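S.K.: What follows is each chain in one-letter form.
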Amino acid sequence: MFEYLPAVALIAGYLWAVSASGRRGRPWPLIRTLSWSAGALLTAVNMTAVNMTAVNTSAVNTSAVNTSAVNTSAINPGGGTFTAHMTDHLLLGMLAPLLLVAGAPVTLLLRALPAPRARTLSRILRSAPARTLTHPVTAAVLNAGGLWLLYLTPLYPLTQATPWVHAAVHAHVLAAGYLFTAALIGTDPAPHRPSFPTRAAALAGFLGAHAVLAKWLYAHPPQGVGPADAEAAAHLMYYGGELIDLVLIVLFCRAWYAAAAPDQRTRAAPDLRTRAAPDLRTRAAPDLRTRAAPDQRTRMITPLRGSAGMRRSEMSRS
Amino acid sequence: MKAATRTVVSGALLGLGIATFVDETIFHQLLHWHHFYDRAGSTAGLVSDGVLHGISWFATVAALFMLADLRRRGEFVARRWWGAVLAGAGAFQLYDGTVQHKLFRLHQIRYDVEIAPYDWVWNIVAIMLLAAGLAMLLRSPRNAGDRDAGPREAGPGQSRAGDAGPWATGSRRSRAGDAGV
Chain A
1 MFEYLPAVAL
11 IAGYLWAVSA
21 SGRRGRPWPL
31 IRTLSWSAGA
41 LLTAVNMTAV
51 NMTAVNTSAV
61 NTSAVNTSAV
71 NTSAINPGGG
81 TFTAHMTDHL
91 LLGMLAPLLL
101 VAGAPVTLLL
111 RALPAPRART
121 LSRILRSAPA
131 RTLTHPVTAA
141 VLNAGGLWLL
151 YLTPLYPLTQ
161 ATPWVHAAVH
171 AHVLAAGYLF
181 TAALIGTDPA
191 PHRPSFPTRA
201 AALAGFLGAH
211 AVLAKWLYAH
221 PPQGVGPADA
231 EAAAHLMYYG
241 GELIDLVLIV
251 LFCRAWYAAA
261 APDQRTRAAP
271 DLRTRAAPDL
281 RTRAAPDLRT
291 RAAPDQRTRM
301 ITPLRGSAGM
311 RRSEMSRS
Chain P
1 MKAATRTVVS
11 GALLGLGIAT
21 FVDETIFHQL
31 LHWHHFYDRA
41 GSTAGLVSDG
51 VLHGISWFAT
61 VAALFMLADL
71 RRRGEFVARR
81 WWGAVLAGAG
91 AFQLYDGTVQ
101 HKLFRLHQIR
111 YDVEIAPYDW
121 VWNIVAIMLL
131 AAGLAMLLRS
141 PRNAGDRDAG
151 PREAGPGQSR
161 AGDAGPWATG
171 SRRSRAGDAG
181 V
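Line by line, the protein sequences give chains A and P. Heads up, the final residue of the first sequence is numbered 318 in UniProt numbering, and it's a clean run with no missing numbers. Heads up, the final residue of the second sequence is numbered 181 in UniProt numbering, and it's a clean run with no missing numbers.
Just so you know, these hints were derived from the structure itself, not from any lab. Nothing here was measured: the structure is a model prediction, and the numbers come from that model. Ideal Cβ placement from N, Cα and C applies to all residues, glycine included. Mixed in with the good hints there might be a few duds.
[Claimed, not checked] From the derived model, a few chain P residues whose C-beta atoms are all more than 10 Å from chain A: (1) V61; (2) T98; (3) W120; (4) P141; (5) R142.
[Said to hold, decoys possible] Okay, the calculated bits of chain P under chain A, using three or more residues with CB under 8 Å as the criterion: (6) 42-50; (7) 68-77.
[What the hints assert, rightly or not] Incomplete in silico selection of chain P near chain A, CB under 8 Å: (8) W33; (9) F36; (10) H53; (11) G54; (12) F58; (13) A62; (14) F65; (15) I127.
This is chain A alone, in the form it adopts within the complex (with noise of 0.2 Å):
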């Protein structure tokens, strides 16, 4: 039951957040709601499978041990543990953290915390560790770079036979997933948030790099996994991986589209309710400074009320 500790402490809390942010009067979207808890149930899902996999694995090992000369953390050769792992890989670090970032975590936050501790949780946010941490540079090398990392590296057989390595290696996965998905397509707070050409270098940076190994791992799999069990989890990374990031890529393109609207310097903040604020960049982009828009947008958006918005606009502002 272990594993599904973390999906019931991420759902818990943010059902408190949820209700906290409901107390003050300001309500909470079920869709972000329900978004975060599928992202969340997705890692238990998939903690469960890795678990599984683990004990097969390990099965399959004492078994083979007779009959081969292979080391003791070898996988077995064809035994698919390898794409296993690989759509492991997938829902933990791809499909989970859109799920999550899409429950809009910091923005609930800032909401249902007391105004003095928002505050200085959104003086965290604005330090220069964080501004370092969540730049899309730096969780595109993680994610990414982790990835290298396990796969090229004896690291990938460690973690078949060491459970705690296999549960680090895991939330790594997860964490550097939900930073770089942040980074591009967050709509959560973020001071200093890049232009869009740098996080889209960032994202073609990742995208090259993720179908580079899968073509990698195809002939050259890690320590003790079989041919056809490499082939087949190339595949699934390229073919599958390419699937998950198309929705990525929709969803930063729709971003950069609603930013670089010609009407942008006529906008208010952006609206907390909806969803519409893909960019909490108050300029406009650089090339409007100096070109008039064609046209000018008719509807009204109402201003924001209310503590969670003063302490976003501040943020934005500084």
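Given the coordinates of chain A, assemble chain P onto it according to the supplied hints.
M.R.: Same frame as chain A, now just chain P:
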């Protein structure tokens, strides 16, 4: 970035996206002529192919959003954009056919056949696409209206009859839709 440049970037990115999509769908998945990786190529080829394939969906989606942006600003020049699409597709195919297939020997167009005719057809088609695209680009107006970046009114009078293409009246329609969002 000027509108004239953004038009070319959008078209070229879509051209790259279409060429990689055709390559993947027809030659890898349907015909099974190409191999995922035939283990004969160099590491450079692997990196080149992985990066191009990895960013191909990004190029496609970004190109379409850029196209939508050009159109909502009334800056779309159809002939210039289509020229860039053809040139982008041709340039990628030529790179694929020369550098990736021949220099890096990543994979071949087809296996167990005399490969030379396939290579010639592949690269001649690429050069024709590239040449047609560049010819269209050179013969297209740079901007939808005046070259000045000043404010422009939306209207059919601003775009020249020849370059608006099949979407000649789309400009005003998209603005009306945009304002209602």
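S.K.: With chain A as the partner, please determine if P:H53 meets the hint condition of a C-beta pair closer than 8 Å.
M.R.: The hint holds - P:H53 has a Cβ within 8 Å of chain A, the shortest such distance being about 5 Å.
S.K.: Holds or violated: P:F58 as interface residue toward chain A, Cβ cutoff 8 Å?
M.R.: For P:F58, the interface hint holds, since the closest Cβ of chain A sits about 5 Å away, which is under 8 Å.
S.K.: Beyond 10 Å from chain A, beta-carbon-wise, is P:V61?
M.R.: violated (5 Å)
S.K.: Mind checking the CB of P:G54 against every CB in chain A and telling me if the closest is under 8 Å?
M.R.: With Cβ-Cβ at 3 Å, under 8 Å, it holds.
S.K.: Quick one: see if chain A covers the region 42-50 of chain P, three-plus residues with Cβ-Cβ under 8 Å.
M.R.: holds (count 4)
S.K.: Is the interface hint satisfied for P:F36? The criterion is a beta-carbon contact with chain A at less than 8 Å.
M.R.: This hint holds: P:F36 lies near chain A, its Cβ roughly 6 Å from the closest one there, short of 8 Å.
S.K.: Would you say P:P141 is clear of chain A, with no C-beta pair closer than or equal to 10 Å?
M.R.: holds (18 Å)
S.K.: With chain A as the partner, please determine if P:W33 meets the hint condition of a C-beta pair closer than 8 Å.
M.R.: At 17 Å from the nearest chain A Cβ, P:W33 fails the 8 Å test, so the hint is violated.
S.K.: Given P:A62 was flagged as interface, is its beta-carbon under 8 Å from a beta-carbon of chain A?
M.R.: holds (5 Å)
S.K.: So, P:F65 near chain A? Judge it on the closest CB pair being under 8 Å.
M.R.: Interface hint status for P:F65: holds (4 Å vs cutoff 8 Å).
S.K.: Under 8 Å, Cβ to Cβ, is where P:I127 needs to be relative to chain A, so tell me if that hint holds or is violated.
M.R.: violated (27 Å)
S.K.: Verify that the Cβ of P:R142 lies farther than 10 Å from every Cβ atom of chain A, and report whether the claim holds or is violated.
M.R.: Holds, since 16 Å exceeds 10 Å.
In summary, the numbered hints that this structure violates are 1, 8, 15.
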